[in-house]
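> Sequences listed follow chains G, F, B and H, in order. Note that the first sequence covers residues 1 to 335 in the numbering used here. Note that the second sequence covers residues 1 to 335 in the numbering used here. Note that the third sequence covers residues 1 to 335 in the numbering used here. Note that the fourth sequence covers residues 1 to 335 in the numbering used here.
Just to be clear, a hint being listed does not mean it is correct.
One side of the interface only, derived from the structure: several residues of chain B facing chain G at Cβ under 8 Å [to be verified]: (1) Asn23; (2) Thr26; (3) Gln133; (4) Ile137; (5) Ala140; (6) Gly244; (7) Thr245; (8) Pro254.
Just so you know, these hints were derived from the structure itself, not from any lab. By construction, the Cβ of each residue, glycine as well, lies at the ideal position given by its N, Cα and C atoms.
4 protein chains.
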Amino acid sequence: MTIGIGLIGAGWIGEEHVSRLTNVITGARVTAVSDIDLDRAAKVAAIAGARVIDSPEKLIDDAEVDAVVITSWGPVHAEQVLACIAAGKPVFCEKPLTTDAADGLRILEAEQAHGSRLVQVGFMRRYDAGYRQMKQIIDAGGVGAPLMAHCAHRNPSVPESYHSGMATLDTAVHEVDALRWLLDDEFVSVQVVKPRSTSKRFEHLTDPQIVLLETAAGARIDVEVFVNCQYGYDIQCEVVGETGTVRLPDPATPVVRGAAQAGFAVVQDFPSRFAAAFDVELQEWTDSLNSDRALAGPSAWDGYAATVVTNAAVRALESGQIVPIELTERPAFYA
Amino acid sequence: MTIGIGLIGAGWIGEEHVSRLTNVITGARVTAVSDIDLDRAAKVAAIAGARVIDSPEKLIDDAEVDAVVITSWGPVHAEQVLACIAAGKPVFCEKPLTTDAADGLRILEAEQAHGSRLVQVGFMRRYDAGYRQMKQIIDAGGVGAPLMAHCAHRNPSVPESYHSGMATLDTAVHEVDALRWLLDDEFVSVQVVKPRSTSKRFEHLTDPQIVLLETAAGARIDVEVFVNCQYGYDIQCEVVGETGTVRLPDPATPVVRGAAQAGFAVVQDFPSRFAAAFDVELQEWTDSLNSDRALAGPSAWDGYAATVVTNAAVRALESGQIVPIELTERPAFYA
Amino acid sequence: MTIGIGLIGAGWIGEEHVSRLTNVITGARVTAVSDIDLDRAAKVAAIAGARVIDSPEKLIDDAEVDAVVITSWGPVHAEQVLACIAAGKPVFCEKPLTTDAADGLRILEAEQAHGSRLVQVGFMRRYDAGYRQMKQIIDAGGVGAPLMAHCAHRNPSVPESYHSGMATLDTAVHEVDALRWLLDDEFVSVQVVKPRSTSKRFEHLTDPQIVLLETAAGARIDVEVFVNCQYGYDIQCEVVGETGTVRLPDPATPVVRGAAQAGFAVVQDFPSRFAAAFDVELQEWTDSLNSDRALAGPSAWDGYAATVVTNAAVRALESGQIVPIELTERPAFYA
Amino acid sequence: MTIGIGLIGAGWIGEEHVSRLTNVITGARVTAVSDIDLDRAAKVAAIAGARVIDSPEKLIDDAEVDAVVITSWGPVHAEQVLACIAAGKPVFCEKPLTTDAADGLRILEAEQAHGSRLVQVGFMRRYDAGYRQMKQIIDAGGVGAPLMAHCAHRNPSVPESYHSGMATLDTAVHEVDALRWLLDDEFVSVQVVKPRSTSKRFEHLTDPQIVLLETAAGARIDVEVFVNCQYGYDIQCEVVGETGTVRLPDPATPVVRGAAQAGFAVVQDFPSRFAAAFDVELQEWTDSLNSDRALAGPSAWDGYAATVVTNAAVRALESGQIVPIELTERPAFYA
Ligand SMILES: [Mg+2]
Ligand SMILES: [Mg+2]
Ligand SMILES: [Mg+2]
Ligand SMILES: [Mg+2]
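Excised from the complex, chain G in its bound form (with noise of 0.2 Å):
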């Protein structure tokens, strides 16, 4: 069984998934790209020998496509999101599902409606080693009750067209959805501290942010972004829970000893550190869709979830305040 691949949206992340579809994953091909640059659309489909087609719904109506990859703009995923669902095609589609969370409401009534889930939302961290043996050791217990999360998130450096809000939309939004995830739990309040900013950041750009979500269980999360942190991109995150702690750990790296110090070399980009974890979402993903099982990874709903989240964060940071998260009552649909 090799499953036809349709890829919409052939930027940097694109063109990464397309590579690792051809190169790594087995049981799916790249067939179709789709891309409003042609040429860029023509590069990337040429890595896995696959055809350019002009349009995102012509590639969705393709007798070639069984599933959509969508790694567009952020601001059109949900249209192709309801697009695919409307063919009853399964789509992978990058974070974030919607930048709006009606149209987020819109999908989840559209998947309901065709009855089985079609979306899974490209949250890559739920693959990670570290962060799987986290969630496997909190699950059996092995800190008791989560009351507390400590997570940090830092890259060494952004592009000046990085702006504030996008500490949550697009960096602290991993965190969201993981900490959703590990502590199986919603949140309903979100606020935004912010520390002196760096003096090695764009003079527009609010950096470092710690934001502060609680719970519904009551426990309660503290996020640092910092995203010109110099040094690394550093994922930190510990859980407490009544009885113990568990911390993610750092990449396994060889410790040298050497002029005056012992230290290990810190992974300077994202890809870099979760490239496993992106093999194994698109893998899981594949053996979903040649088997019999449903889907099990993020879906609508987290993509959901975390867009109100996310959206009530930059609301906090502008405003300074407590800010509630309201999300819809929870389909058992998505239970």
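Please build the complex by placing chains F, B and H with the ligands on the supplied structure of chain G, with the hints as guidance.
The following block gives chains F, B and H with the ligands in isolation, referenced to the frame of chain G:
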């Protein structure tokens, strides 16, 4: 040179300090002990072959008392410290210097009127080897300008008498002082976040708490205070600067590999965790007194500031609000 | 391009490799399986939808077999590898390439006569991320010229059929290959030191053993082999150079603080420890076959050298002497 | 109680011990100092306000000298220790107790004739917190019966006067004592393996060396001695038992993340590494003398045994052979 020490307050920490001054510290000798409970005073005095004196006032004035150590109940500290200043005698006062900010101001005035430092406050973390190395690294620019600190202060459990305000007054007060010192900065506001309380605590207690502090320079500190964490006495501190981070080390402990685990024992109580810090603290204090050097340890100003901050934190806990911290102008005497 | 693979030997590791080639590796497909036990062959073939072929010779000659994977019993490897070379088909042979050095020489001659590399030996540690990082660091001069290496190879326990010679033939053979590769050097002598045996092993077994190896460049390697260590499958390796040391990392595993301990789980078996290495090994081999690139993995020379070293180690174990290791001159073909 | 100490040998370590006894140790006072170099003696005596005495014999007999500390040149230790025993005065002798085994036997006889312990040898590692925790864990059965130990003793560099025999006589002698104590066992043979020497040492020196020791119970210890390792003063020790392993911790040191690395500073010299151990060693010795407790530190037997072992190691280095270690029968006095 052996300095004669009078100790006021023969409780647990008083007994510890008498033993330490007798058996560990060189250059000091406990000559007199005072306590409301005369039997207790006699028992502790016997450790050092010291006399029992039946009132703090008489002890402070005693000819064999060159310097005073105060380990009495917090609410009487200010009065006893003021009496020492009036007598012109150096005084080492366990924290808190004072429970009331107004008394703190009186101490500042009295010491300035005396014209040289007499007061040192027992914030022993400044003498812990790990914190000292952090301070050196930060001062040497090893992480760039500090922007944030993430701290945790965990106890296995506390007795029923422990109340919610003590989370800052008694517990996080150590982080309050340590961070003022590490960052060389003053706090300007405080907020207390309340996660769901652990089920493993007395009903009346809010535990854990997360204390959020802001400094004059705009740094943000979060302190998890969790005094019924069950698993150990665990102190965590990470300072994040513009170019890097530095983390307080765990105590050096052998790693055992056995029974499918690799791990090390976590210390269970603060006297074990900070035993060496207490030794260094009292030895350096004694050495200052036996030399021409001015006192270098935590000053009356540090004690006053800690009181203002922790009292504000209690109000923040009660109100749920962000509470401003207002210190008097720092006298040049304490520059 | 999908290469057709014939597998000889449907035991445990054969089944693993068929599953891997079917479900994980891209670009390869198992088309035929052979085993003395036809039921076993049928069971394993079914994983891949492959045919059962009733002799290794026929399998090697089969038109659907582009390349061969040998996972049969060690003593028949040489004969099967020679048959593959005679057929001009690439062959991936699990270690040992041969149990007898003379057979190894025949393989070297046959492959040279063929004129290009056909043989790769299954030393999977060269594909482990930790070892690869060590290799990069050493090759980049990160520890200076290597002088020593300290290794440990520990298993929780072994079955009664394991005998003392297997400590090097089956177990330390991985360190023999990994160190030849890490140091880019050949061994010239071996000695085996016998500590008192653990009480927790079958009576006939000498366990642990310490294998001392000397290289042509004068480096010294000590390998603790301890196959009944009880607590886990634990691989340690530290290379000491003229200016520093580098140590193989433990697998990245969350640290749990709980019950007065801070620690992490130790892996219990080698398939877990080296799962990713096995995947990378077969994927890179497949990629080589599907491209114009020459084979880059462990060669027939590496397999021959490992056999000479481990056979000498068995003589050293038996004699208690330092045994010289005598390799034939290395052909330029294997430079 | 303050014990009067006479110190013989005012070199570097003598000066260190006088400072320590004066400024750190409680219950002792240096009253007299002797050295061939009278100026040097005067300088060191001044630290403590002690008298200079112009011969070791007079110092030992001096009325103000209750106990003696020997920090003179190794070859004269035995004679000076014997003089202390003859005078019935406790003596703390820096290692080696004696350079010659026959002198060691004379000391054992003289001390037994005296009827109670007078001699303690300066093996300070037994007072290091990390080693003490290892000892507790091993004695409590935390790793099962010990089978092996892997050690490394590394210095950044040594002066030209350091010769190859000193690798065991001066350097590995600490591991010899520490392992005898940790394992509660005696050594029965020694072999020295010579890796290619580092290019970064004086030409005459064999560096590194690997010392292989066998105990009466059959445990095997390997000690890497590498005294020009360039990067730091680094002490490693792992004991492997039947059910687990325990490893000496690195000193507690803050981890800094910065400049693409995460790491900590490595100590550069042994006085920094073992400062606290030296303090504890002399304090416990002083406390023994000021109490009714018998001496508990390393005994004359320990000093004698270390000399026999290290002298055998030098013969092993020279001969390349496995050299038997033959101790006299251990007197019940030293049980
Ligand atoms: Mg594919
Ligand atoms: Mg004293
Ligand atoms: Mg395949
Ligand atoms: Mg003293």
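> For which of the previously enumerated hints does the structure constitute a violation, in increasing order of number?
Hint 5 contradicted; others consistent.
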